[in-house]
Amino acid sequence: EFAMHAHIFPAGALALALLLASSSAFAAEPAPQGWTITLKANGGVSPAWEGSGSLSPYLLPGLSVRRAGSPLSFSAPDDSAGFAIFDENWLKAGVVGKLKGPRRSAEHADLRGVHDIDWTIEAGLFAEFWPIEKLRARIEARHGFVGHHGNTVDVSMDWVERRGPWTVSVGPRLSLGDNSYMDKLFGVSAYEALMNPRLPAYRAEGGAKSLGVAGAVSYEWSRQWTTTVYARYNRLVGSASTSPLVAQLGSRNQFTLGAIVAYSFDWGGF
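Here this note's numbering is used: the first residue of the sequence shown is 1, the next is one more, and so on.
Keep in mind the hints are simulated off the structure, nothing from the lab. Among these hints, one or two may not hold up.
Said to hold, decoys possible - The calculated EDC-like cross-link candidates involving lysine to aspartate or glutamate, where the alpha carbons are at most 16 Å apart (straight line), are:
hint: 1; residue 1: K100; residue 2: D79
hint: 2; residue 1: K40; residue 2: D79
hint: 3; residue 1: K40; residue 2: E220
hint: 4; residue 1: K100; residue 2: D118
hint: 5; residue 1: K184; residue 2: D116
hint: 6; residue 1: K100; residue 2: D116
hint: 7; residue 1: K134; residue 2: E161
hint: 8; residue 1: K184; residue 2: D118
hint: 9; residue 1: K92; residue 2: E133
hint: 10; residue 1: K40; residue 2: D266
hint: 11; residue 1: K184; residue 2: E205
hint: 12; residue 1: K92; residue 2: D79
Please take these sequences and the hints and turn them into a complete structure.
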């Protein structure tokens, strides 16, 4: 009996030692430090200017930042670049920024005499939540700098299906703007109407700008590389739809087709 106990004790001690060693090793593993940064190149065709009936190519940069080690969350192609300050999986909120291209009358004969709009930086806040596993709702509120100084709000919902490396999403869109924003994009001054006989003077008012739908298909090639193709349709409504820039020169139907190449890497910070 003593011999049996003497044999069991070393075996038990060895097992305990191995367990403690593995626990210590696990505890010693450092938590991921720093950030995961995703750089994006976003190109395609969209209306030559908001309200235009013709398409023009574009190429814009994109950026997103998340804590290193955190899982890659869903992002729609028309989401603004952002950083989540609060992130609880089903609920997220933070800051966003969007770069919008210019509108130059010299590049479009129909816009002769109409004011230009410079490159615009829109900065603001966002919030999104997942009421159920496959449904995301998101709202962005942004203020414009340089090109316009108005306020705009984008509301979206996406049904998201994930199958291995594939992600497919589709959902409705709503865009709104205040008086300053809408009049900058769709207004025509008396002087501009004088310079362009095709256009009557028009003052655009704030409210809903467009209703639409967007869809995307993404493929994750590796932890670093992801490609996405997407399409979006918007129907201009309200004051935007009755603007002579749209009714006389453009179209209420706005189409966008594009693709994104994204590269992610970890950065430890300074």
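We went through each hint and held it up to the structure:
At roughly 13 Å between alpha-carbon atoms, K100 and D79 fall within 16 Å of each other, so this suggested pair holds. Between K40 and D79, the direct Cα distance comes to roughly 12 Å. Compliance with the 16 Å bound is thereby established for this hinted pair. Between K40 and E220, the direct Cα distance comes to roughly 14 Å. Compliance with the 16 Å bound is thereby established for this hinted pair. The suggested pairing of K100 with D118 holds, with an alpha-carbon distance near 9 Å, which does not exceed 16 Å.
Distance restraint check for K184 and D116: the Cα-Cα separation of roughly 9 Å lies within the 16 Å cut-off, and the hinted pair is therefore satisfied. Simply put, K100 and D116 have alpha-carbon atoms about 13 Å apart, close enough for the 16 Å limit, and the pair holds. At most 16 Å may separate the alpha-carbon atoms for a hinted pair to count; K134 and E161 meet this at roughly 7 Å. Straight-line distance between C-alpha atoms of K184 and D118 comes to about 11 Å, which keeps the hinted pair within the 16 Å bound.
Between K92 and E133 the alpha-carbon distance is near 14 Å, which keeps this suggested pair within the 16 Å criterion. At roughly 15 Å between alpha-carbon atoms, K40 and D266 fall within 16 Å of each other, so this suggested pair holds. Distance hint between K184 and E205 is fulfilled; the C-alpha atoms sit about 10 Å from each other, no more than 16 Å. Restraint check for K92 and D79: the C-alpha separation of about 13 Å stays at or below 16 Å, so the hint holds.
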